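**Q** Following the hints, position chains W, E, G and F against chain H.
Protein chains in written order, with my numbering: chain H, 1 to 159; chain W, 1 to 358; chain E, 1 to 152; chain G, 1 to 371; chain F, 1 to 116.
Simulated from the structure, these hints should not be mistaken for laboratory data. For clarity, every value in this text was computed on a predicted model and none was experimentally measured. Glycine included, every Cβ here is placed at the ideal spot set by N, Cα and C. One should not assume that every hint holds.
As the list claims (entries may be wrong) - Covered stretches of chain W (chain G as the covering partner; in silico rule of three or more C-beta atoms under 8 Å from a C-beta of chain G): (1) 224-233; (2) 314-326.
What the hints assert, rightly or not - Once the Cα atoms are required to be at most 25 Å apart in a straight line, the calculated PhoX-like pairs of lysine-lysine come out as: (3) K83/E x K55/G; (4) K85/W x K29/F; (5) K292/G x K128/H; (6) K33/H x K100/H; (7) K83/F x K206/W; (8) K187/G x K33/H; (9) K128/H x K206/G; (10) K7/E x K74/E; (11) K81/W x K29/F; (12) K85/E x K41/G; (13) K301/G x K83/E; (14) K206/G x K114/F; (15) K29/F x K95/W; (16) K85/H x K294/G; (17) K74/E x K237/G; (18) K85/E x K55/G; (19) K20/H x K176/G; (20) K335/W x K110/F; (21) K335/W x K114/F; (22) K98/H x K20/H; (23) K75/E x K7/E; (24) K298/G x K141/E; (25) K55/G x K135/E; (26) K83/F x K81/W; (27) K206/G x K335/W; (28) K62/E x K55/G; (29) K335/W x K20/H; (30) K85/H x K55/G.
Here are the chains, one letter per residue:
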Amino acid sequence: MSFLTNYFSTIYTSVRSLLKGMWKTGYYFTHHKEIITQNYPENRDSLNLPERFRGEVVMTHNEENEHRCTGCTACELACPNGTIKIVTKFDITPEGKKKKALDTFVYHLELCTMCNLCVEACPTGAIKMDQAFEHSVYDRRLLTKKLNRPDSKLMEGVE
Amino acid sequence: MLSIAEIANSLQQWLMATFSPGWATLIEFVLVGTLVLSFFAFLGLVLVFMERKVSAYMQLRVGPNRVGFRGTAQTLADTIKLVVKEGLTPDGADKFLFNFAPFLVLITSMLLMAPIAFAKDFQIWDINIGVLYISAVSSISVIGVLMAGWSSNNKYSLLGAMRSGAQIVSYELSAGLAIMSVVILVGSLSLNDIIASQQNGWWIFKGHIPVIISFVIYIIAVTAETNRAPFDLAEAESELTAGFHTEYSGMKFALFFLAEYVNIFIVCAIGATLFLGGWMPLHIGSWEGFNHIMDFIPSSVWFMGKTFFLIFVIMWFRWTFPRLRIDQLLNLEWKYLLPISLFNLLLVTFIALMGWHF
Amino acid sequence: MTNEEIKAVISEYSPEATFDETGTWLNVMIQATDWLPLAEALRNHSALDFDYLFCLTGVDWKTHLSVVYHLTSKKYGHSLVVKAKLDDRNDPVIETVCGIWRTAEFHEREVYDLLGVRFRNHPDLRRLFLTDDWKGFPLRKDYEDPINMIKL
Amino acid sequence: MLEEIGTTEQGDLVINVGPQHPSTHGVLHLVITLNGETIKKVEPHLGYIHRSIEKMCESLTYRQFIYSTSRMDYLSAHMNNHACAMAVEQGLGLEIPARARVIRILMSELTRLASHQLWWGAMAMDVGAITPFFHAFREREMINDIMEETCGARLTMNYMVPGGVMFDLHPNFQVKTKDFVRFFRSKFDEYDELVTNNIIFQERMKNVGRISAEDAVSFGCSGPVARASGVSSDIRKLAPYEGYDQLNFTEALETAGDNYARYLVRMQEMRTSLSIIDQLIDNIPEGDFQAKTKAVLKLPKGEYYSRVETARGDFGVYIVSEGGTTPYRIKFRSPGFSNLSALDHIARGCKIGDLVAIMGSLDLVIPDIDR
Amino acid sequence: MGAGSLIVLIICGIAFAGGGIFLSQVLAKTSTNPQKGEAYECGVPTRGRSWIQFNVGYYLFAILFLIFDVELVFLYPWAVVVKDAGWMAFAEIVVFLFILFLGFLYAHKKGALKWM
Numbered sequence: 001m002s003f004l005t006n007y008f009s010t011i012y013t014s015v016r017s018l019l020k021g022m023w024k025t026g027y028y029f030t031h032h033k034e035i036i037t038q039n040y041p042e043n044r045d046s047l048n049l050p051e052r053f054r055g056e057v058v059m060t061h062n063e064e065n066e067h068r069c070t071g072c073t074a075c076e077l078a079c080p081n082g083t084i085k086i087v088t089k090f091d092i093t094p095e096g097k098k099k100k101a102l103d104t105f106v107y108h109l110e111l112c113t114m115c116n117l118c119v120e121a122c123p124t125g126a127i128k129m130d131q132a133f134e135h136s137v138y139d140r141r142l143l144t145k146k147l148n149r150p151d152s153k154l155m156e157g158v159e
Numbered sequence: 001m002l003s004i005a006e007i008a009n010s011l012q013q014w015l016m017a018t019f020s021p022g023w024a025t026l027i028e029f030v031l032v033g034t035l036v037l038s039f040f041a042f043l044g045l046v047l048v049f050m051e052r053k054v055s056a057y058m059q060l061r062v063g064p065n066r067v068g069f070r071g072t073a074q075t076l077a078d079t080i081k082l083v084v085k086e087g088l089t090p091d092g093a094d095k096f097l098f099n100f101a102p103f104l105v106l107i108t109s110m111l112l113m114a115p116i117a118f119a120k121d122f123q124i125w126d127i128n129i130g131v132l133y134i135s136a137v138s139s140i141s142v143i144g145v146l147m148a149g150w151s152s153n154n155k156y157s158l159l160g161a162m163r164s165g166a167q168i169v170s171y172e173l174s175a176g177l178a179i180m181s182v183v184i185l186v187g188s189l190s191l192n193d194i195i196a197s198q199q200n201g202w203w204i205f206k207g208h209i210p211v212i213i214s215f216v217i218y219i220i221a222v223t224a225e226t227n228r229a230p231f232d233l234a235e236a237e238s239e240l241t242a243g244f245h246t247e248y249s250g251m252k253f254a255l256f257f258l259a260e261y262v263n264i265f266i267v268c269a270i271g272a273t274l275f276l277g278g279w280m281p282l283h284i285g286s287w288e289g290f291n292h293i294m295d296f297i298p299s300s301v302w303f304m305g306k307t308f309f310l311i312f313v314i315m316w317f318r319w320t321f322p323r324l325r326i327d328q329l330l331n332l333e334w335k336y337l338l339p340i341s342l343f344n345l346l347l348v349t350f351i352a353l354m355g356w357h358f
Numbered sequence: 001m002t003n004e005e006i007k008a009v010i011s012e013y014s015p016e017a018t019f020d021e022t023g024t025w026l027n028v029m030i031q032a033t034d035w036l037p038l039a040e041a042l043r044n045h046s047a048l049d050f051d052y053l054f055c056l057t058g059v060d061w062k063t064h065l066s067v068v069y070h071l072t073s074k075k076y077g078h079s080l081v082v083k084a085k086l087d088d089r090n091d092p093v094i095e096t097v098c099g100i101w102r103t104a105e106f107h108e109r110e111v112y113d114l115l116g117v118r119f120r121n122h123p124d125l126r127r128l129f130l131t132d133d134w135k136g137f138p139l140r141k142d143y144e145d146p147i148n149m150i151k152l
Numbered sequence: 001m002l003e004e005i006g007t008t009e010q011g012d013l014v015i016n017v018g019p020q021h022p023s024t025h026g027v028l029h030l031v032i033t034l035n036g037e038t039i040k041k042v043e044p045h046l047g048y049i050h051r052s053i054e055k056m057c058e059s060l061t062y063r064q065f066i067y068s069t070s071r072m073d074y075l076s077a078h079m080n081n082h083a084c085a086m087a088v089e090q091g092l093g094l095e096i097p098a099r100a101r102v103i104r105i106l107m108s109e110l111t112r113l114a115s116h117q118l119w120w121g122a123m124a125m126d127v128g129a130i131t132p133f134f135h136a137f138r139e140r141e142m143i144n145d146i147m148e149e150t151c152g153a154r155l156t157m158n159y160m161v162p163g164g165v166m167f168d169l170h171p172n173f174q175v176k177t178k179d180f181v182r183f184f185r186s187k188f189d190e191y192d193e194l195v196t197n198n199i200i201f202q203e204r205m206k207n208v209g210r211i212s213a214e215d216a217v218s219f220g221c222s223g224p225v226a227r228a229s230g231v232s233s234d235i236r237k238l239a240p241y242e243g244y245d246q247l248n249f250t251e252a253l254e255t256a257g258d259n260y261a262r263y264l265v266r267m268q269e270m271r272t273s274l275s276i277i278d279q280l281i282d283n284i285p286e287g288d289f290q291a292k293t294k295a296v297l298k299l300p301k302g303e304y305y306s307r308v309e310t311a312r313g314d315f316g317v318y319i320v321s322e323g324g325t326t327p328y329r330i331k332f333r334s335p336g337f338s339n340l341s342a343l344d345h346i347a348r349g350c351k352i353g354d355l356v357a358i359m360g361s362l363d364l365v366i367p368d369i370d371r
Numbered sequence: 001m002g003a004g005s006l007i008v009l010i011i012c013g014i015a016f017a018g019g020g021i022f023l024s025q026v027l028a029k030t031s032t033n034p035q036k037g038e039a040y041e042c043g044v045p046t047r048g049r050s051w052i053q054f055n056v057g058y059y060l061f062a063i064l065f066l067i068f069d070v071e072l073v074f075l076y077p078w079a080v081v082v083k084d085a086g087w088m089a090f091a092e093i094v095v096f097l098f099i100l101f102l103g104f105l106y107a108h109k110k111g112a113l114k115w116m
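This is chain H alone, in the form it adopts within the complex:
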């Protein structure tokens, strides 16, 4: 007899557990308010990325097209992946001295792991992390970027 009670109680508990699960999924089926997915490309304008979000490295420029990079290569040394290559040139200062300055700030986005070490290492605060995250392109060469704008100069007073 205990075999039979066992048999039927197994059936009862199993069916009950299954119905409970179905109740839950049924609840979500009928409650569309609970939907969590976002309509991504359409909601681009309302996307709110936190300001700390690291999407890519950019170099800040002010309105006069001046940046703060002295070409000291601290970021290049700090980078674990060889993402940054700094090409320097020699400027002639008004006093007639030769001075090392930034020529091109090459940034390989395809190698970057967004570790933020370069930003931390920069003594002058020339680079920062940007929130842009849609980086996909069809040609990987496009991922190699030049961060300093054309004809930009070093900001006054940045050493």
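**A** Relative to the frame of chain H, chains W, E, G and F by itself:
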């Protein structure tokens, strides 16, 4: 009131009057063929879309919502994609069987359409052994599955096919026994008789608990027979990649896919016919007013409503439950469903003989 | 068991072992040839009972190789680091401890794969990560990688 | 000869599962010998995503190498970084500010929760239930948002630096974390209703993939896998770091050693993590979030080993320093590697379907194994 | 429509499947590559043949199925007439099912329903 049956009848009369009998029959055949084909394609599109939407809402998603109005054309787009895909046949496969299997599976589900009463007096073939016909023909599809799995010369396919063979034949028993309990109550194998007997109430209401048990067993068994989760061991994605149709691609895969969905429709249609009264509107005893209002809803809507409700339940299973393991699956059938349905059958007979059903 | 007691027991089994207590754990330096009897003792000695080998690795010291075993006892909670020195850099061989700690099977394959230490009597000593036809052992200090992403 | 054609004897089938298979979470390649449906032997083939992180680290500085460990067990990236930072701090003899310690613990526990949530969803998916996966992601998303706000990234946070953490907590952190804890608590019953109590799930999990306590120790299992067999192995208890010893929590232990026990241990751990967060969230000390360090770090000659309890178990970092700016040799002791070594032992005699469930319950993250 | 509908349906099935496959062959872009003909096994070349004799635990279930399926066929005509035939038919089927059930219990006892 204009009903589908009337349209069909007047069409037939017009055909008979206009053409010679031979031509009329031929044209009728062509019409039926076109109708069935388009219904087939339509079912595939609708059911796949429904499945995707049901799963999406249960999974806190929106589901397809880009192609067409609110994503309704998504399945059409998928079909086009499958059509323009290259269908591959593996080098090691048994080419004939490999290509024949989708035909077999599809023809089987096509044949199962014949006895289904879609609306009042609207049936392709009013066969007097409808229930037996369905039991018999539906077992052919397992041969298609076995054929597909074996001929692929792929180990996953082989295992999937073997599993599916054991599974389908096992669950056929309890599905058959569940169907039989209604047959006992009605005393006829014809689907039309069964529907007619539910004039004053559906069997699920009239037949007391034993019929409800039969209904539950029927739903479980057909879920297993159509290889749907939680009994989708033949395809068990996380174990056997795609099971018996691993090697199928493009249109041949699409045919399996379509047949699967049409089979779901058919088993649910049979379930609706046997237990929920088919196209018969909801009638409650002697509430004349209520019954009269219910009669205004077209019979085809009743039929489709019930069928799609059952389809929804089967989808609901799929998106809620984990998959069983093969030995548990067979255990469930042989240790629980079969003994219970055998016992239940006797109970139903007892009730029928005592005349306790309403 | 305190370090002193462990030292005493170990000295019993391999008298030539030297000790180093500067780190978190007691370090034992032995020759590779002394390893197997010591390992058996560490595992089976009732007062030591080092049943948990949680790290097994090798270091290339340019002149020689060493295999480092980090052991702990689930029962007593004491830990021990054993460093076995392998003098022959061209064909470093040490006894396997698969039979004592079963996790060693994988770890030894890894060390074989990356450092080229052969574990004698290992049941299935094959490359674990690299392909079977790989030349050289990457974690050796003299291994030159033809492709170096960072230097590119 | 028979071995060569893959059929060892009559009736044995050799099947490759992976590297491209829906059930392996990553590119794990298992060669399975089957007798019918029963598994006779499982042989893992690794190396598909081996990047030789240990070798790479030998040319990276002590600040840089930390972040390469994020790519190992990406689900507990933060805790991997934690172990590395601790090893470096051990070498430098740095004292970490109290605030940084608490932040580290909070972040670690959040990461553990996120990892376990993903595991829960993936576990259910392995046994065939797809819906729980999305439910798990709903909660995980909230953690990711918290991480994104404070750390600046969602998965590979790169938040640890030797001496503390990279930034201070975001002003919203406390509020959002409390919200999350409240929300997650309310949804925890749902986890039980959907999966834990489900009879099919229990049948699939109970008495499957059993490993005894002795074998678990011998195979070097750690984390939930060992704890499910009754082996106490929580580093947070055995070798407390960062002030875990001052917190009030218990180690989740089960004795059955089967899939279901592993499942329960992880569910219990989620509750533990929630309670740890509860204890700390209102008591974050004020002060620095980073100790002062030199621009170039040099570890004195010696060997350093640090270990943390990641979501998968005992993660160890073994650094051999020759006194330079880069490690001489580095070894990561990853929990998944040892747990995988037990797979063959666990899976023998089970069915194919069980294999998938076992892999799910071991919670293997392949990059952790294929370093 | 009568049995002729079966022919229509079979033709429909062939037309649908054949038409679909034909259409896809016309429309699909094809390319040849020896790897395309390989059996799929997660991207690793298959080891050994698939068509070997192997241990199927399902075999016994198939045999059992045969027994029960035959029984099921016997039951159909009975089910149709049982209401008219009355209690005698009921008693007979109870005996029939009882014997079968004994067989089932025997199989169960012998372990045929246990997975191998």
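**Q** Each hint needs a verdict: does it hold in this structure or not?
**A** Going down the list of hints, with the structure as the test:
| no. | hint | in the structure |
| --- | --- | --- |
| 1 | 224-233 | holds (count 4) |
| 2 | 314-326 | holds (count 8) |
| 3 | K83/E x K55/G | holds, 21 Å |
| 4 | K85/W x K29/F | holds, 7 Å |
| 5 | K292/G x K128/H | holds, 22 Å |
| 6 | K33/H x K100/H | violated, 60 Å |
| 7 | K83/F x K206/W | holds, 16 Å |
| 8 | K187/G x K33/H | holds, 16 Å |
| 9 | K128/H x K206/G | violated, 52 Å |
| 10 | K7/E x K74/E | holds, 19 Å |
| 11 | K81/W x K29/F | holds, 12 Å |
| 12 | K85/E x K41/G | violated, 35 Å |
| 13 | K301/G x K83/E | holds, 17 Å |
| 14 | K206/G x K114/F | holds, 18 Å |
| 15 | K29/F x K95/W | holds, 21 Å |
| 16 | K85/H x K294/G | holds, 24 Å |
| 17 | K74/E x K237/G | holds, 13 Å |
| 18 | K85/E x K55/G | holds, 21 Å |
| 19 | K20/H x K176/G | violated, 31 Å |
| 20 | K335/W x K110/F | holds, 14 Å |
| 21 | K335/W x K114/F | holds, 10 Å |
| 22 | K98/H x K20/H | violated, 79 Å |
| 23 | K75/E x K7/E | holds, 18 Å |
| 24 | K298/G x K141/E | holds, 20 Å |
| 25 | K55/G x K135/E | holds, 16 Å |
| 26 | K83/F x K81/W | violated, 54 Å |
| 27 | K206/G x K335/W | holds, 19 Å |
| 28 | K62/E x K55/G | holds, 15 Å |
| 29 | K335/W x K20/H | holds, 24 Å |
| 30 | K85/H x K55/G | holds, 23 Å |
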